[in-house]
Amino acid sequence: MKKVFLAALLLPLFAQAADNFIFCTEGSPSSFNPQIVTDGTSMNASSQAIFNRLVEFKPGTTEVMPSLAESWTLSKDRKTYTFKLRKGVKFHANAAFTPTREFNANDVVYTFKTQLDPKHPLSIPAASYDYFKAMELDALISDVKKTDDYTVVFELKRPESPFLANLGMDFASVLSEEYAQSLIKSGKGLKTLETAPIGTGPFVFKSYQKDSTIKYTANPTYWKGKPKIENLIFVIVADSTVRTQKMKSGECHIMSEVQPQDIEALSKNPAVKIQNAAGLNVSYIAFNTEKKPFDNLKVREAISLALNKKSYLDVIYKAQGMAAKNPIPPTMWSYNNKTADSSYDVEKAKKLLAEAGHPNGFETELWTMPVARPYLPNGKKLGELVQADLAKIGVKVKLVTFDWPTYLEKSKKGDHAMIQFGWTGDNGDPDNFMNVMLGCAAVKAGSNYARWCHKEFDNLLQQAKEESAVAKRTSLYMKAQEIFAKEKPWYPVAHSKQNKVMSAKVQGYKISPLGNENFEAVSLSK
Amino acid sequence: MAILKGLLKVTGYFLFISLMSFSIIRLIPGDPALHIIGERGASEERVAEIRKNLGLDQPLPIQFLKFSANALVGNFGESTVSKQPVLSEFKVLWPATVELAFVALLWSSLVGLGLGMLAAVKRNSFWDYGAVSLSTLGFAMPIFWWGLIVIFFFSVKLGLFPVSGRIDVMFDIPYKTGFYFLDTLLSGQWDAFVSACKYVVLPAFVLGTVPLALIVRVSRASIIDVAEEDYVRTARSKGLPYKQILFKHIFKNALPQILTSIGLAMGQLLTGAILTETLFSWPGMGRWIIKSIEARDYPVVQAGVFYSMLIVIIVNWITDESVKIVSPKMRDQQRGG
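Protein sequences appear in the order of chains W and L.
The working numbering applies: residue 1 is where the first sequence begins, and numbers increase by one.
The working numbering applies: residue 1 is where the second sequence begins, and numbers increase by one.
With the rest of the complex left out, here is chain W (with noise of 0.2 angstroms):
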């Protein structure tokens, strides 16, 4: 017996079935109902997996294309939306529920009346639905009505122009309103949809094990046609490191966060290939433009120049990014290639501190990140190098930081001089990064680091987000990126390329510039 175990012991390892595909994850999903996730390690396992929303992103770019909904009108005040959905579409079953009817408006009006109303008897009691009021959808949205089974009407209470792109949104997922109701009746209750989801999308759940692996099973009878991975499983493995080790085993068939020192090492293997894009996303140091001497132009200008972008780009990101100098990255709509970057020149610099007050520059602190995340893989490293930078036009920088909490609390109060943070995009759309990360109501949220409100920048970034026209909006955000460049508030680094590091046989895989992993239309060559 003994010896049978131990030969047993000793077998190979990795008979892996060959419809299993492996994708190694960087954390636990906090929930599997999309509607009240807010990070990204959730909506890849719950809303990318299991669901669909009215509209969907064309795969690899931020375009808006029909999913549920076939097709919509808008009305001429453009506050009234009309989604025409598609018929014939089925959702999961589980062995709590069969579904006895399908997809319909009555989901539709379902899910969004229950993230706007609290008191919507299929409301999750004290669930916030965070991303939702993130997005303000619930001080945009007067009513959902359904006309016909398959007709839903949206009123607005004022244009937006992003509202379209919310929709294709994680937290905008159509959940079933008949398993809800059934959850209410068989006494189980709401908190269900987040152990137990159903969808109508390309996988259905089928087991989770904290910390260690998600399953799923291919939706046969998924309305875009059943996908052509069997058995889709999340294997949780949190140092990257080790992910990059499993990769190297075999043991996984794509990895989620590489990180840039391990990608040449990984381009070497002839088992695994990468692919990349440009990423939605940007970091930057803000001046705290309401503290001294940061509320001077010509200190921000003077700091600007003594920084050397180009090192900080090959220390830190090592080609894996480029340069950045306006608040919203190059592969999104309305990016303005005329603005200036500042250029690297001590003297200048110097000669701008002396005019600005400070002959002998000044002490001040620099806060850095506390977390890896892909716009800024290393937030000490940067301010490190800032600080040797600056020490050589006589500004002595103190190099703080905290854990992520407290960072997060204590730079909304306004507490930094200058600060590293960054953003990915949520939705293709610049108000999504200038009025989030720059608008003055951002200010009082607590997001708009700089603290910098600018009235005519503001006043920009309000008619932009109620024009329609795509032409009219892209002056709009032009003139405040010059606006932008002018005033300094931040002082933009760079934006990341995303690295997919994934087994030489994984055929169909699409980078998502906004980092979704999506694994409908992947599948395995022999």
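I should point out that these hints are in silico values taken from the structure, not numbers from a laboratory.
Hints are not guaranteed to be accurate.
[Stated by the list, open to error] Cβ pair distances, simulated, as ranges:
hint, chain 1, residue 1, chain 2, residue 2, range
1, L, Phe152, W, Ile274, 17 to 25 angstroms
2, L, Gly6, W, Gln261, 37 to 45 angstroms
3, W, Lys396, L, Ser88, 26 to 34 angstroms
4, L, Phe152, W, Lys396, 39 to 47 angstroms
5, L, Lys176, W, Lys226, 30 to 38 angstroms
6, W, Ser267, L, Pro174, 49 to 57 angstroms
7, L, Thr11, W, Pro220, 17 to 25 angstroms
8, W, Pro59, L, Pro174, 32 to 40 angstroms
9, W, Asp148, L, Glu44, 40 to 48 angstroms
From the three backbone atoms N, C-alpha and C, an ideal C-beta is built for every residue, glycine too.
Using the hints, position chain L against chain W.
Frame of chain W; chain L shown alone:
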């Protein structure tokens, strides 16, 4: 009277543990509501609303009373991150920690005891130095670095063991006890049992090197100590065979100290091995609690601290009791008292 005294003691323990669990996480700055919001920011009203949903708007004493009253009946609330009952997550993660701790402790106790005895018997020889320095080396190596070397060598290069995880992804283990060694057998999946064994080897090996050094040193030292006692010398002068002396007299008397050191190690391992669990993607308690501290998930951290303190008390108590059983000295003292 004795019952009353015992009751008072237990109440005291309970109040102390719950006060500690409640306050430790609240002493560090960082607002759970702001963590939920992230880089995006939110208005004051939204922050207040989220805080209210988390029950953080109430005064601290009320929060504490609620927490301890619930803890008394074993209700630790819901995780603010996953919104699931803390206990239901604990039920899944705890057996993983216990399983790993058990295997790690088993091999390190056996090997540690053996090496310790060898070192003591062959004192100041090559064997002695070898055993002691080897175990110290294992202890001194940073787990993360050490673990990566082990992974690189045994998994990536030799392909003997999987890099990380608890069982091959192809198996579905129905939850019965949560212990994979048991559940795989209970559901009749022999292959799954073998797979679980393969997956535990590397993490248990790496984790076990920490208590190993302690056990080697304590067993060596206590055997040497006892060997110099008068009664051992008497036995030797009487001409008893050395083997008999070693096991009958020396080892028996050295055992209490060795047991105490194993107990200490057990208390440590049972509260979750953060680094080993992270490195080997082992779905246990250590990582869960660390993640929850990062996210300021108060209910989980409270429960985690509560459990950790409780387990240390229980393990120490068990160790004390078993030492009393095996130690002739203490047994006699008890009898006398």
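Hints versus structure:
1. L:Phe152 to W:Ile274: 17 to 25 angstroms: Once the Cβ atoms are compared, 21 angstroms apart, the range 17 to 25 angstroms for isoleucine 274 of chain W and phenylalanine 152 of chain L holds.
2. L:Gly6 to W:Gln261: 37 to 45 angstroms: With Cβ atoms ~58 angstroms apart, the hint is violated.
3. W:Lys396 to L:Ser88: 26 to 34 angstroms: At roughly 52 angstroms between Cβ atoms, serine 88 of chain L and lysine 396 of chain W fall outside 26 to 34 angstroms, so the hint is violated.
4. L:Phe152 to W:Lys396: 39 to 47 angstroms: holds (42 angstroms)
5. L:Lys176 to W:Lys226: 30 to 38 angstroms: At roughly 33 angstroms between Cβ atoms, lysine 226 of chain W and lysine 176 of chain L fall inside 30 to 38 angstroms, so the hint holds.
6. W:Ser267 to L:Pro174: 49 to 57 angstroms: violated (42 angstroms)
7. L:Thr11 to W:Pro220: 17 to 25 angstroms: violated (59 angstroms)
8. W:Pro59 to L:Pro174: 32 to 40 angstroms: holds (37 angstroms)
9. W:Asp148 to L:Glu44: 40 to 48 angstroms: holds (42 angstroms)
In the structure shown, a violation is registered for the earlier hints numbered 2, 3, 6, 7, in ascending order.
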